[in-house]
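Undergrad: Sequence:
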Amino acid sequence: MNGNGMSKASVLLALWGLAVTPAWAVDDASEQGSAPVIEQETPAEGPQAVDETADGPYLSDWYHQNLTVIGSKNIRFGPQQIDDIYLEYEFFGRKGPLDLYGYIDFPKFFGIGNRPDRGIFDKGSPVFMELEPRLSIDDMTGQDLSFGPFKEWFVAFDYIFDWGHNSENRQNTLYAGLGTDIDTGSPLGLSFNFYKRRQWENYGAANENSWDGYRAQLNYSYPLGTFDNGASLVYVGFTNHDFGSDLGEGNSVRTNESTVATNVLLYQFTHLRFMAVARYFHNGGQWNDGVTAPFPNASGESFELRSTGWGYYLGVGWQF
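To convert a position in the sequence shown, counted from 1, into our numbering, add 80.
These are calculated hints, taken from the structure and not from any lab test.
Ideal Cβ positions, reconstructed from N, Cα and C, are used throughout, including at glycine.
Honestly, I wouldn't trust all of these hints.
Said to hold, decoys possible - Pairs of lysine-lysine, BS3-like flavour, derived with a Cα cap of 25 Å:
| id | residue 1 | residue 2 |
| --- | --- | --- |
| 1 | K231 | K175 |
| 2 | K203 | K153 |
| 3 | K231 | K276 |
To be verified - Restraint ranges, calculated between C-beta atoms of paired labels, are given here:
| id | residue 1 | residue 2 | range |
| --- | --- | --- | --- |
| 4 | G176 | S247 | 36 to 44 Å |
| 5 | N289 | F349 | 42 to 50 Å |
| 6 | V333 | T221 | 41 to 49 Å |
| 7 | L225 | Y360 | 32 to 40 Å |
Work out the full structure: start from the sequences and follow the hints.
TA: Rendered as structure tokens:
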């Protein structure tokens, strides 16, 4: 997500400025895979006013962070849909060549979820995290590499780790490639990253320990307005399209591609923030929608994969 010409962190930084201005892991045939509400969606410029420093309303003038309680419904990253209430620590910022975004989730932190849900206190994954640093090639070389609408170029990474209690319940994935911030000539913020995927652990899937496929990632944001009470309303979105994988070869349950499109409304004050998220999954987690799963559900019954459709999140958090 980005504000004009910003990346995920960039986007978030832009949004932050508006605020201060006015797994699937199968365990007993269940899925664990929290994944973020906002997996790359916070602003990247940070406070601009002279008095908005570490002595201002936040702990840092560039490293922005928040804690958010999130309720999720019909999340389709794994073979079974997950409902969960969990805690998320999110951070983002821009300093020198480093453009940073990341989050750490604590699945089922409050002990509330549907039957397939597992988390930190019931032998599921205690931590699900994603780290998305980008390093500005322009800054590191001292050269202005912009041309046309492409404002800045980055070496881009996206690292995902799900700390399951054994390798069959663990994910360890690195995406690496190039990124750019795009000047739209409007309040619309836009950035694009293109990655190649290195897959290590993947919940026991056939593509473990291999280079398997690519990801095209588009981040976008748009300020919707500010209010007399000091709050701001912002739309943030991002789409991840994974393709070129071999996971579906000879396996009708899995696919070679997957798309997830996330739409976020952020209503935020200096510290307090509320968010509502609608996320569309197409073959989420590279599970083939409509196919009968090769294992039973938690009730011992056969079930059909529902990896295509909408999932939802609501959250309330504190920015500091």
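Undergrad: Does each hint hold? Answer for all of them.
TA: Against the structure, the hints come out as follows:
Only pairs whose Cα atoms come within 25 Å are accepted, and K231 paired with K175 is accepted, the gap being roughly 17 Å. For the hint linking K203 to K153, the alpha-carbon distance of about 21 Å falls within 25 Å, and the restraint holds. Taking the CA atoms of K231 and K276, the gap is about 22 Å. The hint holds against a cut of 25 Å. The beta-carbon spacing between G176 and S247, approximately 37 Å, falls within the hinted interval of 36 to 44 Å.
With their beta carbons about 46 Å apart, N289 and F349 fall inside the hinted range of 42 to 50 Å. Restraint check, V333 to T221: a C-beta distance of roughly 46 Å satisfies the suggested window 41 to 49 Å. A hinted range of 32 to 40 Å for the beta carbons of L225 and Y360 is consistent with their spacing of about 34 Å.
When held up to the earlier numbered hints, the structure conflicts with none and fits them all.
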